[in-house]
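Next come the chains, spelled out residue by residue.
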Amino acid sequence: MRGHRRALLILAATLVLFAALLIPRDTPPSPEALRSPLRRLVQEAPPGTPRPVLDENVGMVSHLQQQATIAVSRQSRRLPLLRGYTEARRLLATAAAAADEALQAMATQQASARQEAMTRIALAQEALLNARVVGARVHLQPAGRQALIQQEIALEEAQRNLTRGDYDAAIRKAGQVLSGSRREQENAARTLARLRDQTTVALWRRWVDQTVAWSRRQSSTALVVDKAGHRLLLYDSGRLLTTFDIDLGLDPIPDKLHEGDNATPEGRYHVSQVRDGDNTRYHRAFLLDYPNDEDWVRFKQARGEGRFPSETQIGGLIEIHGYGGRGDDWTNGCVALTNPEMDFLDGWVKKGTPVTIVGALPMAPGDGLSGPAAGASSPH
Amino acid sequence: MRKRIPVLAALAAILVLTAACAEPPEETVLQAEQDLQGARDAEAATYAAEELRDARLALEEAQQEIQAQNERFAIMRDYEEAEKKLAGSMDKARLARETAVERKEEARQAAVESLEFARQAIEEANTALAEAPRGKGTKADISALTADLDGVRSQVPALEAQIDEEDYFAARDKAASMTESAQAIAEEIKAAVEIEARILAKRRNR
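Taken in order, these protein sequences are the chains called A and B. For reference, each letter of the first sequence is one residue, going 1 to 380 in our numbering. For reference, each letter of the second sequence is one residue, going 1 to 206 in our numbering.
Please keep in mind that the hints were generated in silico from the structure rather than gathered at the bench. Among the hints, a few may not be true.
What the hints assert, rightly or not - Quick list of simulated restraints, FRET-style, between CB atoms: (1) B:Q37 <-> A:S30: 27 to 35 Å; (2) A:A105 <-> B:E105: 32 to 40 Å; (3) A:S30 <-> B:A161: 52 to 60 Å; (4) A:G306 <-> B:D150: 24 to 32 Å; (5) B:R198 <-> A:D346: 18 to 26 Å; (6) B:E105 <-> A:R164: 16 to 24 Å; (7) A:R137 <-> B:Q37: 51 to 59 Å; (8) A:R51 <-> B:A161: 20 to 28 Å; (9) B:F73 <-> A:T119: 57 to 65 Å.
Unchecked claim - Beyond 10 Å from chain A on every Cβ pair, some chain B residues (computed): (10) F73; (11) K84; (12) L95; (13) R108; (14) E124; (15) A144; (16) E187.
Note that the Cβ used here is the ideal one computed from N, Cα and C, for glycine as well.
This is chain A alone, in the form it adopts within the complex:
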């Protein structure tokens, strides 16, 4: 009987011990918690993150999360009383921290890419604007205009890329615009460079001085056209009477070389005919004796060098005429003033009046070229 009781006691103790072993000491992280880091990373990754970057981060967080899941699994092999999930929780926390860090890094990277795209676009806009400004000064020719409109289209594309969040494409496009615009600006600047060439400028200065001296000696009228300044200067007896704003040929900077180049010639000319009424379509016109001997020499030399097709002519019919005052260069090479200004000039200009046209007229001490001379008045 006693033996039977002992056996029962042992059995009860064994059962209690066994039951105790089945009581879990620790609870594992929930399945949701175990999936959380990777889910957060994948779902919250900033749109437009480059795939290699996202893949690398997913791989890293996935590995850590998997280690945590495995740690939980391993504990399932043990008796509940012996199970502990500290390591699993630590790994899970590491995975969560890695996901946070990756998200932050990707967000920073995207913000930085966005900023760079915006900066590049702003630079490209500025470069394009500069190219337009310099281009306007040289009155861009078709190739230059085409190049600039292509840059404009590319700039708009860059802005659309930015809006779409495609920062790499925006940066690439803006870079193209930047280099393309700078190239056009440099081309235009090269055209303008002749206006600063010292030898050429000295020659122009000499022509003007000689014209003014002639006017003084002859007590007569002379005209000077300053192409860069877009002005016509009226001299009488060596005195500057007044200046007028003018419109020039479509290609206003270079010297005229041949027919159809839309450039205004530079040289010392004379009025060969005064036209008005039905003799001109431009209210009133002073026909110049272009081409002169020097023009012919330059033309023949350029043709010899093959700078234009051999059948090209030197051109003619260069006038100072009316219907100007548009503030733009639009003629085929003529000089245009407003009709009232032409009427005013008609009182001073006659056949034989010297007209000296220069690319630029640098200021000289005592020039008095800043505006109309005091006392200048209409001859009428």
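Given chain A's structure and the hints, the job is docking chain B onto it.
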């Protein structure tokens, strides 16, 4: 009764062995990976990013579940949850692929339509240029605008190339920019023609 005991024991043994023999669903994993690659090949990353993301996440989680089961006693392994996740991943990958194909076609059509709009805008500007009076008053403007329009037109081959290369979003951006430029040119032509008309009227009144 005694005869039944060995039978029951045998059945139990078979059950245990069956359970112990639970194998990871490797073929299903391969299939799910192929489906995911199929979605990527269909450019789901571009056209169905969210769907692709969900498919990828489901596959990652299925693989983690498999790894977790692999760590358990053989007798305790159960891949049912992993199988469910793999099935979910495959469904999502297929959805991503189908969505990508559908949206890509929509993007293609939109790009082609944009190209047509751009061509139409260029044509309209060209007609306006052709009809603009070539007086000395408009000559400068017309000449400049012709150059501008040539600049826009010169972009058409690049736009067609983008469509051929299936770069539809970029093509649509370029086409929209070209259309805007061509329309702006048409407006400028109109303004130049109006100026010329005013000049002519002034001459007639002279």
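query: Does the Cβ pair F73 (chain B), T119 (chain A) satisfy 57 to 65 Å?
result: Holds, since F73 (chain B) and T119 (chain A) (Cβ atoms, about 60 Å apart) stay within the stated range.
- request: Could you let me know if the closest chain A CB is still more than 10 Å away from the CB of R108 (chain B)?
  value: holds, 17 Å
- request: Evaluate the condition: distance from the CB of E124 (chain B) to the nearest CB of chain A exceeds 10 Å.
  value: holds, 16 Å
- prompt: Holds or violated: is the Cβ of E187 (chain B) farther than 10 Å from all Cβ atoms of chain A?
  reply: E187 (chain B) is indeed farther than 10 Å from all Cβ atoms of chain A, at 14 Å.
- request: Just tell me: holds or violated, for the beta carbon distance of R198 (chain B) and D346 (chain A) against 18 to 26 Å?
  value: Check passed, 24 Å falls within 18 to 26 Å.
task: State, for the Cβ atoms of G306 (chain A) and D150 (chain B), whether the hinted interval 24 to 32 Å holds or is violated.
output: holds, 26 Å
field: Assessment of proposed distance window 16 to 24 Å (beta carbons of E105 (chain B), R164 (chain A))
entry: holds, 19 Å
- request: Could you tell me whether the CB distance from R137 (chain A) to Q37 (chain B) stays inside 51 to 59 Å?
  value: holds, 58 Å
- request: Note whether the CB distance of R51 (chain A) and A161 (chain B) lies within 20 to 28 Å or breaks it.
  value: At 24 Å between Cβs, range holds.
- prompt: Should the label of L95 (chain B) as a non-interface residue stand, given a Cβ cut-off of 10 Å to chain A?
  reply: holds, 16 Å
- prompt: Non-interface claim for A144 (chain B): all C-beta distances to chain A beyond 10 Å?
  reply: violated, 6 Å
query: Checking the smallest CB distance to chain A, is F73 (chain B) really beyond 10 Å?
result: violated, 6 Å
Violated hints for the displayed structure, listed by number in ascending order: 10, 15.
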